[in-house]
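Q: Single-letter residue listing:
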Amino acid sequence: MVLSILTAIGVMTALSGGLALLMVIADATIGRYGPCRIRINDSRDLEVEGGQSLLSTLKNEQIFIPSACGGRGSCGLCKVEVLSGAGAILPTELPWLTPDEQKRQIRLSCQVRVKRDLSIRIPEELFNVHQYQARVAGLRDLTYDIKEVRLQLLDPPAIDFKPGQYIQFEVPAYELTDEPIYRAYSVASGPDQHGEVELEIRYVPNGICTTYVHQHLKVGNTATINGPYGDFFLRDTNRDILFIAGGSGMAPIKSILSDMVHTKNPRRTRYCFGAKAIRDLFLVDEMRAIEKQLPDFKFIPCLSAPDTADVWNGERGLVTEVVDRTVTNLDNLEAYLCGSPLMIDACVALLKKKGLPEDRIFYDKFA
Amino acid sequence: MNEPASLWTILFAAIFTNNILLANYLGMCSFLAVSKEIKTSFGLGSAVVFVMTATTALNWFVYHHVLVPLNLVYLNVIVFIIVIAAFVQLVELIIDRVSETLYTALGIFLPLITVNCAILGVSLFMIIRDYSFTQSVMYGLGSGIGWMVAILAMAGIRQKMKRSRIPRGLEGAGITLIIAGVMALAFMGFNGIL
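Sequence lines, in order, name chains A and B. Residues in the first sequence are numbered from 453 upward in steps of one, following our numbering. Residues in the second sequence are numbered from -6 upward in steps of one, following our numbering.
Only chain A is shown next, with the shape it has when bound in the complex:
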């Protein structure tokens, strides 16, 4: 009896151990690709160890390609132009690439493996992207469903970004996710506060990141972010500015405004902020304070469906209706929109109808 149990255990161990050993040997011999060189934008060369995906190889070299799924080929964000050395496009990439992108050799960097020398092209801004260790320095409820998260950067201790850009917040494995995932949030603080990053995060029921932030994150916790990313930032012209935002779309606009205060920007600026009722409004006092600090800035909050108890003398109606009423002169105007895709589509359509050229409309869709 004992003997048969021991044989069973022995055989299983020998078999699994033998196969595991075989795998380890195979991994170290067949799976070894040796050093490879990655040429980036025809100017920089990286010496790397081959064998891993392009995404994680670049990450090890402190170059962060935006990606949301953690390299499983299910988000389609980590696109990179690979000029040579990647072989044919894999069937796992096809669903994410348009015919035009396929022609231009755009690839998903999480599916491309570094097996030989590669030549790739990535936007220069990505060199400015780093990973930051941070500590949660403050949590504040802005409304019943939007939380302000203040992160104090520890390593590196300061971040350099353009107001309006976003970072990616790492959610560690917890109840709702088995592996770390990343979600993008716009920075709400101005770039002059190098050592601190403020985020505004709206609760989405069962959202992996928002549930984590709203129900698990505590002051003093550590957090990991990487960034900055994105091309939503104030263009350097002297046109009038129209900001339109809703909900947590406030964040990048607030960042841009605090930078404008810091640089004493004199441009004529209007900011229409759409909310349903008073309980959805936030940071109104801060915006009023900025009105006093900037020479020509007006904050125009508007309510689309105020509660019966709300005392409200401001604008009423959907944000599109308010923009339609209050914005009359579009000759010298640039519009910056931030919020839900629905709101943005409606506002872009309205602004185009009113005659604003498309190249003067900038937006950041929160999907």
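Rather than coming from a laboratory, the hints here were simulated on the basis of the structure. Hints may be right or wrong, so weigh each one.
Under the rule of at most 16 Å between Cα atoms (straight-line distance), these lysine to aspartate or glutamate pairs were calculated in the EDC-like manner [stated by the list, open to error]:
no.	chain 1	residue 1	chain 2	residue 2
1	A	LYS716	A	ASP644
2	A	LYS567	B	GLU164
3	A	LYS531	A	GLU553
4	A	LYS716	A	ASP748
5	A	LYS567	B	ASP89
The following residues of chain A were derived to be distant from chain B, with all beta-carbon distances above 10 Å [claimed, not checked]:
no.	residue
6	ARG489
7	THR544
8	PRO758
9	ARG768
For the chain B half of the interface with chain A, some residues (derived, Cβ under 8 Å), not all of them [as the list claims (entries may be wrong)]:
no.	residue
10	THR33
11	VAL59
12	ASN64
13	LEU68
14	GLN82
15	VAL84
16	ILE87
17	ARG161
Please read all numbers here as calculations on a predicted model, not as lab measurements. Note that beta-carbon positions come from the ideal geometry of N, C-alpha and C, so glycine has one too.
Dock chain B against chain A, hints included.
A: Relative to chain A, chain B alone:
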């Protein structure tokens, strides 16, 4: 089967009358997920043919030369799984190294079928039916081809179906399972041949 079946009968039966997918409904998950395009189905199908044939042979050896002599046949399920997983991993590593085209066509599907229950099913049936080594290899090959025939047929049907109006609740896996059922009935018609 009372008398020992001939090799060709085993092969034919595995492909048509006892199709592992349509008669036993094994290997459903990858069948449902990958049967949208003929091209990818062909890649996955070839990977299944190859892995099924090879692992049946390997498992036959492990069963008859390790498990039976040591009186450990009750461990067969877990041992077979380990052998299949290690084999698939190894083959993927080798293909990746040896040929880029082969890897693109076949290699990327290998991780998908490590956990394909049809692969394990074939190894277990081979024991239940008491096949000899050559019979087992033939049975593995036949089951693989049968699985490939089924997924290719399904991919063809689904490609044709792209423009059909399907009731919303049945889109995707729902209609695929119904079609698989109809196909299974059709394949039962082959029963009269043998």
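Q: Would you mind marking each hint as holding or not holding in the structure?
A: Here is what the structure says about each hint:
About 13 Å separates the Cα atoms of LYS716(A) and ASP644(A), which keeps this hinted pair within 16 Å; it holds. Pair hint LYS567(A) plus GLU164(B) does not hold up; C-alpha atoms about 40 Å apart against a cutoff of 16 Å. With a C-alpha separation of about 9 Å, the suggested pair LYS531(A) and GLU553(A) falls inside the 16 Å cut-off, and the hint holds. With a C-alpha separation of about 11 Å, the suggested pair LYS716(A) and ASP748(A) falls inside the 16 Å cut-off, and the hint holds.
Between LYS567(A) and ASP89(B), the direct Cα distance comes to roughly 10 Å. Compliance with the 16 Å bound is thereby established for this hinted pair. Separation of ARG489(A) from chain B is adequate, the least Cβ-Cβ distance of about 19 Å exceeding the 10 Å criterion. Interface exclusion of THR544(A) from chain B breaks down, the closest Cβ pair being 6 Å apart, not more than 10 Å. With a cut of 10 Å on Cβ distances, PRO758(A) stays outside the contact zone with chain B, its closest approach being about 37 Å.
At roughly 38 Å, the least C-beta separation between ARG768(A) and chain B is larger than 10 Å, which holds for a residue marked as non-interface. For THR33(B), the interface hint holds, since its Cβ comes within 8 Å of a Cβ in chain A; the closest pair sits about 5 Å apart. Look at VAL59(B): its Cβ gets to within about 7 Å of chain A, closer than 8 Å, so that hint holds up. The beta carbon of ASN64(B) is positioned within 8 Å of a beta carbon in chain A (closest approach about 7 Å), and the interface hint is therefore held.
Taking 8 Å as the C-beta cut-off, the interface hint given for LEU68(B) holds, the closest approach to chain A being about 6 Å. At a threshold of 8 Å, the smallest CB-CB gap from GLN82(B) to chain A is about 6 Å, leaving the interface hint in force. For VAL84(B), the interface hint is violated, since its Cβ never comes within 8 Å of a Cβ in chain A; the closest pair sits about 10 Å apart. With its C-beta approaching chain A no nearer than about 6 Å, ILE87(B) sits inside the 8 Å limit, and its interface hint holds.
A distance limit of 8 Å between C-beta atoms decides the matter here; for ARG161(B) the minimum to chain A is near 22 Å, and the interface restraint is violated.
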